[in-house]
Amino acid sequence: MISKSLISQREPKSPVSEAYRMVRTNLEYTSIDAEKKTILFTSSLEKEGKSTTLANMAITMAHAGSRVLVIDADLRKPGLYKMFQVKKYPGLTNYLVKDIPLSDVIQQETGVKNLNIISAGPVPPMASELLSSKKMWHLLEELKQSYDYILIDSPPILSVTDASIIAGHVDGTILCVAQSETPVDAVKASVKSLSKVNANLLGAVMTKADSRRNGAYSYNYYSYEYTDKPETKGWLKKLKFLKHRI
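For the sequence shown, our numbering gives the first residue as 1, with consecutive numbering after it.
Don't take every hint at face value.
Simulated pairs of lysine-lysine, DSS-like, Cα-Cα distance not exceeding 30 angstroms [stated by the list, open to error]:
(1) K47 <-> K113
(2) K98 <-> K113
(3) K208 <-> K82
(4) K192 <-> K47
(5) K47 <-> K88
(6) K208 <-> K4
(7) K82 <-> K134
(8) K77 <-> K113
(9) K144 <-> K36
(10) K134 <-> K36
(11) K13 <-> K47
(12) K98 <-> K135
(13) K88 <-> K135
(14) K88 <-> K134
FYI, nobody ran anything at the bench for these hints, they're computed from the structure.
Please model the complete structure; the sequences and the hints are all you need to start from.
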């Protein structure tokens with residue numbers, strides 16, 4: 001049974017899935033000048049919809065014919081294996097700690113053509129050390145040879161250092177922000193943290209957006225908006241918004 005969170009797979013012709021395709025197109029436009037294969041999805045706080053957003057974006061890209069790999073680098077609270085209903089082990093932790101073939105951790109039976117996944121694996125005692133290891137970055141470089149897009153999930157950026165570590169080594173980062181829930185100061189702090197590691201902030205996905213309050217594409221459960229113009233002054237100048245309710 002397909003997870004309810006994977007709307008792009010359950011109902012590919014729905015308005016919601018079309019909205020995800022719009023997001024995919026916007027990401028493709030950001031890659032015109034410089035190729036962006038490795039993309040991190042993170043948030044300021046927990047429960048802002050980053051994993052659901054990543055999963056649906058991965059499916060949308062795969063449906064378009066791109067070879068997509070999802071990596072669950074949220075080693076502390078992994079959840080993507082549940083969404084895609086794949087094995088939790090062996091996963092990223094197993095590969096980084098043990099001398100096992102990469103093929104042992106890449107799962108191809110995701111139910112989505114062109115989409116593979118590397119689960120998180122067992123929760124390690126020192127996740128940040130594993131993610132900052134040379135083996136991790138060699139892994140990403142190797143995977144770039146086989147995939148068009150590598151989408152990486154991580155813990156919230158303000159909770160632990162994991163997201164900042166990854167953001168400094170990937171081609172781009174997308175920040176998920178829950179409308180009316182995430183404090184503005186938290187978003188500012190997240191942007192500052194990303195800036196400190198010279199992360200390439202591609203934009204933001206505003207989750208839990210109220211379609212009644214936004215002049216966006218309104219569907220039964222989702223609301224999306226995209227603009228190249230800043231919404232307000234200050235820190236928002238750095239962000240392009242893609243809004244939806246999850």
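Results for each hint:
Proposed proximity of K47 and K113 is supported: the alpha carbons are some 28 angstroms apart, at most 30 angstroms. For a cut-off of 30 angstroms, the pair hint linking K98 to K113 stands: about 29 angstroms separates their Cα positions. With a C-alpha separation of about 22 angstroms, the suggested pair K208 and K82 falls inside the 30 angstroms cut-off, and the hint holds. Proposed proximity of K192 and K47 is supported: the alpha carbons are some 21 angstroms apart, at most 30 angstroms.
Using a Cα cut-off of 30 angstroms, the hinted pair K47 and K88 holds, with the two alpha carbons roughly 21 angstroms apart. The hinted pair formed by K208 and K4 meets the criterion: a straight-line CA distance of about 16 angstroms does not exceed 30 angstroms. Taken as a hint, the K82 and K134 pair is honoured in the structure, with Cα atoms around 28 angstroms apart against an allowance of 30 angstroms. Between K77 and K113, the direct Cα distance comes to roughly 26 angstroms. Compliance with the 30 angstroms bound is thereby established for this hinted pair.
For the hint linking K144 to K36, the alpha-carbon distance of about 10 angstroms falls within 30 angstroms, and the restraint holds. Proposed proximity of K134 and K36 is supported: the alpha carbons are some 21 angstroms apart, at most 30 angstroms. Using a Cα cut-off of 30 angstroms, the hinted pair K13 and K47 holds, with the two alpha carbons roughly 27 angstroms apart. Distance restraint check for K98 and K135: the Cα-Cα separation of roughly 11 angstroms lies within the 30 angstroms cut-off, and the hinted pair is therefore satisfied.
With a C-alpha separation of about 20 angstroms, the suggested pair K88 and K135 falls inside the 30 angstroms cut-off, and the hint holds. Note on K88 and K134: the hinted pairing holds, with a Cα-Cα distance of about 23 angstroms set against a maximum of 30 angstroms.
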